[in-house]
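Each protein sequence line maps, in turn, to chains A and B.
Under the working numbering, think of the first position of the first sequence as 1, with each following residue one higher.
Under the working numbering, think of the first position of the second sequence as 1, with each following residue one higher.
A couple of the hints might just be wrong.
[Said to hold, decoys possible] Calculated cross-link-like contacts (lysine-lysine; reagent style DSBU-like; alpha-carbon spacing at most 30 Å):
| id | chain 1 | residue 1 | chain 2 | residue 2 |
| --- | --- | --- | --- | --- |
| 1 | A | Lys205 | B | Lys40 |
| 2 | B | Lys135 | A | Lys283 |
| 3 | B | Lys50 | A | Lys201 |
| 4 | A | Lys224 | A | Lys334 |
| 5 | B | Lys219 | A | Lys203 |
[Said to hold, decoys possible] FRET-style restraints, in silico, Cβ to Cβ:
| id | chain 1 | residue 1 | chain 2 | residue 2 | range |
| --- | --- | --- | --- | --- | --- |
| 6 | A | Pro68 | B | Glu82 | 33 to 41 Å |
| 7 | B | Arg178 | A | Ser86 | 26 to 34 Å |
| 8 | B | Leu78 | A | Asn290 | 38 to 46 Å |
[Claimed, not checked] Chain B regions said to be covered by chain A (calculated; three or more residues, Cβ under 8 Å):
| id | stretch |
| --- | --- |
| 9 | 59-71 |
| 10 | 79-87 |
| 11 | 131-139 |
| 12 | 143-152 |
| 13 | 161-171 |
| 14 | 196-205 |
| 15 | 217-223 |
To be clear, the hints were calculated from the coordinates, so they are not data collected in a lab.
Computed from a predicted model, the values in this text were never measured in an experiment.
We put the beta carbon where it would ideally sit given N, CA and C, even for glycine.
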Amino acid sequence: MTGMDHPKHKSAASRRAVLRAALAAGGAAALGRPVLAGAGNPANQPPNVPDWTRYLGDGVAIRAYGKPSKHEAHVIRRHVEWLTASRESSVSFTPLHELDGIITPNGLGFERHHSGIAEIDPADYRLILHGLVDKPLIFSLDDLKRFPRANRIHFCECAANTGMEWRGAQLNGCQYTHGMVHCVMYTGVTLKTLLNEAGLKPKAKWLLLEGADAAAMTRSLPLKKALDDALIAYRMNGEMLYPEHGYPARVVLPGWEANMWVKWLRRIEVGDQPWHHREETSKYTDLLENGVARRFTFVMDAKSIITNPSPQAPLRHKSGFTVLSGIAWSGRGKISRVDVSLDGGRNWRTARIDGPVWDKALTRFYYEFDWNGRELLLQSRAIDESGYVQPTKADLRKYRGVNSIYHNNGIQTWHVHRNGEVENVEVS
Amino acid sequence: MSKCLKALAISLAALLLLTGHGSSTARPGEKKGALPGAQKIGIGREAAAKEIEGWTISIRPDGLGLPVGKGTVKQGALLYTERCASCHGEFGESIGRWPVLSGGEGTLKSHDPVKSIGSYWPYASTLIDYLRRAKPFGAAQSLTNDELYAITAYVLYLNDVIADEEFELNERNFVSIRLPNQPNFIDDDRETTERAFWQRSPCMKNCAPGGAQITGRAKLIDVTPEPGKGPKIE
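Bound-form chain A, shown alone (with noise of 0.2 Å):
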């Protein structure tokens, strides 16, 4: 909008058309839909010649920090507004429909938070570090970036993601039905170095992660975790954390469900055996049907999801040559085969994967073919590097009911009508 603050380069015709297309979009955007690049305006098309090619635009640093085009406003994070009491216990959704590749911008990796987005000084960072260690140790936010860092790009997955999908289809698009979910790179120190540099008591199992916000999160970790991969990580994407990620210092357990990823980390307690705080045994633990609950339920398994066609993405022509698009990421390691079928699981074919195909991170996946215009059932089925399926859902229930609410990886199928229109469904 800054660009309207230069009038005299402007003609009143050049005005009116900002002002067009800025209605347009936040029509658009208001119906949270994307604007068509089929429509459009003829007097901006060949042979004409529109005012973005007369005209100057706005200058360098006028856009300090800049933003996607005002014609992308519709892509954003998305909540839903029955599921919680409140929004300071809540959670936002990933647009992953209007993604592609296999990093999600900072703005747009989901939200969930138990009290409320904590907005801390950086100065007055904390890091304590004690329990059953040789010398208890206090870091400023300063200390932890002096350390040498570790960069890795994983994804991060709550665990109740689609966990409204246990009892059948709910949600019509990918952004409510597998939005939990995204994938940055982080900068940080392993934990292992400071666990180092406190030095471990014999009797050292477990660790107690707590947050600096108003629910003082907190989650138990084995050690052998926070020896293996656990970063302490104050940057995503090159950039500090957003506050909305736990800025100015977050956990990440490659694989692990995204509950354990401490946000806004102020305090590390070893300990000798686990804590069994809410977020463990109230919270993220897995009921199943014979009223037994599995608990310390960390890894994430296997899983896809078809981001394009899919309910809030429909096809807009009416056959002919498609490009399917996906995500599948795997908490036991890299992401091995992508199958997709076009008829509700009868017949698999192995999907495209393009660009990189790294341990515990996103993996981008397509199947091209030529739609004969009728209708389709969509699913896509991950495969990992343990050999693990992405089961059915209705296999998924076999084991565990419906009652769950977490670690739902079932496979989800699309249907895609004559029209183009795509709708949540469950299949035989």
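Please arrange chain B on chain A, whose structure you already have, making use of the hints.
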């Protein structure tokens, strides 16, 4: 050795150093052998006992971390009504979407399980720990130790874990409190019980008889947020 060979030897040695195949992997300015994670780097300072004490609020089932204090069910009833009931209901039944605290005994195997403190939670320490760190919602860490014990006692009373209104809970008798569902938790067993999900060669052709039939539609439930209802766009 000729000049030429000498130069080659030097550059080879440099190459070995750079690629870490040589006898020393030390980088400039680094203490010999000070690989990350092996030797201490010496960043950060010793935390003072007072600093640790101020932030250590965690409580474990074995009683580790319990503060010194006491409170009765009766005292807790007053505090609960004042600070908790507006969300969790007068008897822990909850209002709207706020979490249910009581009831639900015998529902865990049903298709509408109620996971309350009495019906589901394994440890009473979880309750007092959570109250201490996060409650009341929006005014965390504002309860005194006596208030913590009193509210905990009252919520356990609402769950029929404590029967006597005059009962006083304190740091000495706390670990004697047991919640009924504790035995019904098992550690993650997916890699054995769900072994069938590790398949050598998943089916590729004619994997199920007949065509796939649609058995459920999200549209019928109609709970997807309507377009435009998302957060305000700046």
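Hints versus structure:
The hinted pair formed by Lys205 of chain A and Lys40 of chain B meets the criterion: a straight-line CA distance of about 21 Å does not exceed 30 Å. For the hint pairing Lys135 of chain B with Lys283 of chain A, the CA-to-CA distance comes to about 17 Å; that is within 30 Å, so the pair holds. Distance check on the hinted pair: Lys50 of chain B and Lys201 of chain A sit about 21 Å apart at the alpha-carbon level, within 30 Å; holds. Taken as a hint, the Lys224 of chain A and Lys334 of chain A pair is honoured in the structure, with Cα atoms around 21 Å apart against an allowance of 30 Å.
For the hint pairing Lys219 of chain B with Lys203 of chain A, the CA-to-CA distance comes to about 54 Å; that exceeds 30 Å, so the pair is violated. Roughly 47 Å separates the CB atoms of Pro68 of chain A and Glu82 of chain B, a value that falls outside the hinted 33 to 41 Å. Hint check: Arg178 of chain B to Ser86 of chain A, Cβ distance near 32 Å, so the stated range 26 to 34 Å holds. Against the hinted window of 38 to 46 Å, the Cβ-Cβ separation of Leu78 of chain B and Asn290 of chain A comes to about 40 Å, which satisfies the hint.
Counting residues of the stretch 59-71 of chain B whose CB falls under 8 Å from any CB of chain A gives 5; the rule of at least 3 is met. Only when three residues or more bring their CB closer than 8 Å to a CB of chain A does the claim for the stretch 79-87 of chain B stand; here the count is 1, and the claim is violated. Look at the stretch 131-139 of chain B against chain A: 4 of its residues bring a Cβ nearer than 8 Å to a Cβ of that chain, three or more, so the hint holds. Look at the stretch 143-152 of chain B against chain A: 0 of its residues bring a Cβ nearer than 8 Å to a Cβ of that chain, fewer than three, so the hint is violated.
Taking a C-beta to C-beta cut-off of 8 Å, the stretch 161-171 of chain B contributes 0 residues in contact with chain A, too few for the three needed, and the coverage statement is violated. With 9 residues carrying a beta carbon less than 8 Å from a beta carbon of chain A, the stretch 196-205 of chain B meets the three-residue requirement, and the given coverage holds. Counting residues of the stretch 217-223 of chain B whose beta-carbon sits less than 8 Å from any beta-carbon of chain A gives 5, enough to reach three: the coverage restraint holds.
Hints 5, 6, 10, 12, 13, counting from the list given before, are not met by this structure.
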